[in-house]
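S.K.: One-letter residues, chain by chain:
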Amino acid sequence: MRELRSGPGRLLVVDDNKVNRLLLTRNLELQGHSVASAENGRVALELLRREAFDLLLLDMEMPEMDGFQVLEQLAGDRQLRDLPVIVTSSLEGVENVVRCIELGAEDYLSKPVNPGLLKARIGTSLEKKRLRDQQKELMRRFATPEVEQDLQTSGFSLGGKLVHAAVMFSDIRGFTSLAESQPPEETIELLNTYYELMFDAISGHGGIVTLMMGDGLMSVFGAPVPLVDHGESAVRAAQEMVELVDLFNVERTAAGKAPIRIGIGIASGEMVAGYTGTNKRATYTCIGDTVNLAARLETHTKVAQRVILIDEATRSSLSERIAVEPLGPVPLKGKAVAVEIFAVDPGQR
Amino acid sequence: MSAPAIDAATFNALKETTGAEFVLELVDTFLQEAPAMLEDLRGALAAKDADKFRRIAHTLKSNSNTFGALTLGAMARELELSSASKVSEGDAKPVDALAGEFSRVAAALTALRHA
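Keeping their order, the protein sequence lines are chains A and B. Once you know that position 166 of the first sequence is 166 in the working numbering, the rest is easy, because the numbers rise by one and skip nothing. Once you know that position 21 of the second sequence is 370 in the working numbering, the rest is easy, because the numbers rise by one and skip nothing.
Hints are computed from structural coordinates only; laboratory data are not their basis. There may be inaccurate statements among the hints.
[Stated by the list, open to error] Per the computed footprint, the stretches of chain A lying under chain B, defined by three or more beta-carbons under 8 Å from a beta-carbon of chain B, are:
| # | region |
| --- | --- |
| 1 | 19-26 |
| 2 | 104-117 |
[Claimed, not checked] Taking lysine-lysine pairs in the BS3-like style, the calculated list, with each CA pair at most 30 Å apart, reads:
| # | chain 1 | residue 1 | chain 2 | residue 2 |
| --- | --- | --- | --- | --- |
| 3 | A | Lys18 | B | Lys364 |
| 4 | A | Lys335 | A | Lys302 |
| 5 | A | Lys119 | A | Lys136 |
| 6 | A | Lys18 | B | Lys442 |
| 7 | A | Lys18 | A | Lys129 |
| 8 | B | Lys401 | A | Lys18 |
| 9 | B | Lys397 | A | Lys18 |
| 10 | B | Lys364 | A | Lys119 |
Quick caveat: nothing in here was measured; it's all calculated off a predicted structure. Note that CB positions come from ideal geometry on N, CA and C, so glycine has one too.
Can you build the whole structure from these sequences, using the hints too?
M.R.: In structure tokens form, the structure reads like this:
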């Protein structure tokens, strides 16, 4: 169990009056914090945009740029909007205090500030900030930046919406036998390197990985953030994945290890995208025929002996620079009629 | 005025929590800055700048209360709250009274400083 009390933080004190600034800074330093100060809102914002702070202690009545303006600017700044702000002021009128809180201030302390109260409020604020940072860090690790952004702007709610996007499934051919033939540590190491390479290629082309299963990856191009050319982006990502695996194989061969081969299936069209699961555990995913088709195409790469297979909708969205080879209508599991499929030349970039 | 210029309990608490040496520095800062604030207050009155008048009175109020200059703080607060009418009246008397109380506070703080 970690300790709840938050450690010292890096704080910024903003007050136009030198006596107030010195006094507050002194009190905070005595409490073990590292403190910087600014004499008005403009200087404070400059500092905030240059250095990282854990907490802002803000006076309201200031020339040049007052506290209300600072709060407004912070609320509109993606980098700074989560910075906790404690207003330290002797503003007259409860409506001014209400306005501070409405503008996003976390707390209000009237001047002269009582050191004991100051300590308690700052401890709470820093602790909250730490938890928020931890949450964001977790989000960064488990969700994609796009999903994180989507969650931050529109909030979390289970349920999906119809989107136009491209879905890609990829996996390592013969991975099970490969995994059985080497020590588990080596398999984990292989997977980590492989994931890193694949993630780079996918996110580099605007895609997000929505699912990781063993050696298999599902990724989406065009959701939650729409992409104009989602089909082509997915195909270009696939080509880069193949190229990266080729480079990786040069290394593996040199180290006396067996090369790996991958298969990729891509389909484009309408699908439902959103958060599924429960309120306790949820994931961003896409569902629909297009998704099933992409999965089938990936499986079919083994039969077709091709690295990248795409559907008609994806092909028709491609520019002429990408060479594709029609493989004709192919019966796929779960499909009543045969599906036109195309192989993308992995070398054409 | 019979009330002491500086409330001893407030001043001692300040000394206790922030350190005697620091309080000296803080007193010096206040004694240096306050005369200019009083000047600015007169200037704002003459220029009929109610917002500036209110802001300066506000700062004087908060500084005064910090040192336990409770009478000065209360007078500054009165000016802050009635800034609009004070400025439209343009009467310098309340500011003179404030300056007079400040002299008393400055003398008391200087005495405490050397105590």
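S.K.: Could you run down the list of hints and mark each one as holding or not?
M.R.: Hints versus structure:
Counting residues of the region 19-26 of chain A whose beta carbon lies closer than 8 Å to any beta carbon of chain B gives 5, which meets the minimum of three for the stated coverage. Proximity of the region 104-117 of chain A to chain B, defined as three or more residues with a beta carbon under 8 Å from a beta carbon of that chain, is established by the 3 residues found. A hinted pair counts as satisfied when its Cα atoms are at most 30 Å apart, and lysine 18 (chain A) with lysine 364 (chain B) qualifies at roughly 18 Å. At roughly 18 Å between alpha-carbon atoms, lysine 335 (chain A) and lysine 302 (chain A) fall within 30 Å of each other, so this suggested pair holds.
About 25 Å separates the Cα atoms of lysine 119 (chain A) and lysine 136 (chain A), which keeps this hinted pair within 30 Å; it holds. About 27 Å separates the Cα atoms of lysine 18 (chain A) and lysine 442 (chain B), which keeps this hinted pair within 30 Å; it holds. For the suggested pair lysine 18 (chain A) and lysine 129 (chain A), the alpha carbons sit about 28 Å apart, so the restraint of at most 30 Å is met. Using a Cα cut-off of 30 Å, the hinted pair lysine 401 (chain B) and lysine 18 (chain A) holds, with the two alpha carbons roughly 17 Å apart.
Simply put, lysine 397 (chain B) and lysine 18 (chain A) have alpha-carbon atoms about 25 Å apart, close enough for the 30 Å limit, and the pair holds. As the CA atoms of lysine 364 (chain B) and lysine 119 (chain A) are separated by approximately 17 Å, the hinted pair is consistent with the 30 Å bound.
Checked against the numbered hints above, the structure violates none of them.
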